[in-house]
Amino acid sequence: DARVTQTPRHKVTEMGQEVTMRCQPILGHNTVFWYRQTMMQGLELLAYFRNRAPLDDSGMPKDRFSAEMPDATLATLKIQPSEPRDSAVYFCASGLGEAGGYEQYFGPGTRLTVT
Amino acid sequence: QKEVEQNSGPLSVPEGAIASLNCTYSDRGSQSFFWYRQYSGKSPELIMFIYSNGDKEDGRFTAQLNKASQYVSLLIRDSQPSDSATYLCAVYLVSMEYGNKLVFGAGTILRVKS
Chain A
36 DARVTQTPRH
46 KVTEMGQEVT
56 MRCQPILGHN
66 TVFWYRQTMM
76 QGLELLAYFR
86 NRAPLDDSGM
96 PKDRFSAEMP
106 DATLATLKIQ
116 PSEPRDSAVY
126 FCASGLGEAG
136 GYEQYFGPGT
146 RLTVT
Chain B
8 QKEVEQNSGP
18 LSVPEGAIAS
28 LNCTYSDRGS
38 QSFFWYRQYS
48 GKSPELIMFI
58 YSNGDKEDGR
68 FTAQLNKASQ
78 YVSLLIRDSQ
88 PSDSATYLCA
98 VYLVSMEYGN
108 KLVFGAGTIL
118 RVKS
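If you read the sequences in order, they're chains A and B.
All you need for the numbering used here is the position in the first sequence, starting with 1, plus 35.
All you need for the numbering used here is the position in the second sequence, starting with 1, plus 7.
Do not take every clue at face value.
As the list claims (entries may be wrong) - Partial chain B-side listing against chain A, Cβ under 8 Å, derived: (1) Leu18; (2) Pro21; (3) Gly36; (4) Ser39; (5) Phe41; (6) Leu53; (7) Leu95; (8) Lys108; (9) Phe111; (10) Gly114.
It should be emphasised that the hints constitute simulated quantities derived from the structure, not laboratory data.
Backbone N, C-alpha and C fix where the C-beta goes; we use that ideal spot for every residue, glycine too.
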């Protein structure tokens, strides 16, 4: 049963701390997306990769957020330093080829709380 | 103006009725449209897509697209309590600068009452 996995599932941290979220896309998928979901803003695209190359990170606050794909089986999203306004659910999604741009398979999400 | 707009709801319908979910989009050049369903506390999952004007049916679900009016809708026939979820409309945008990407609406909460 192929699925996207994310760790951790829940994270509570204090303001100013570094947070790293990890995602393992479905094996063979070559597009990976990071989204943030809040009640106020809904689902927002933060960054996405195709064949491990970053294509668009315009939705991401550059001063504190960074996204990388060190290899085809791992994507990371890092926040440093974290702020209370970063509290949200962060989803990773993956897809395959051109269709992967829209037929996305979402992971279970990381619920981040910054106090 | 947001790129994809949906009524947040909640939309309440009795079991067995037709639920009608609506979405408008601003980019006249958009070609592909998608409906994702998200149960409370879960992740979104793709349930329907439509590219051409008109209707597309899949089981109890019908997607309707009117590109002239920049309007897409999802009809759920014989609504069941298990259909209670948030329905996210998504539009596939083509950008020479950033590549193609999905833009999601804020979602409509559907409640089906038994």
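Kindly indicate which numbered hints from before are broken by the structure, ordering the numbers from low to high. Violated: hints 1, 2 and 3.
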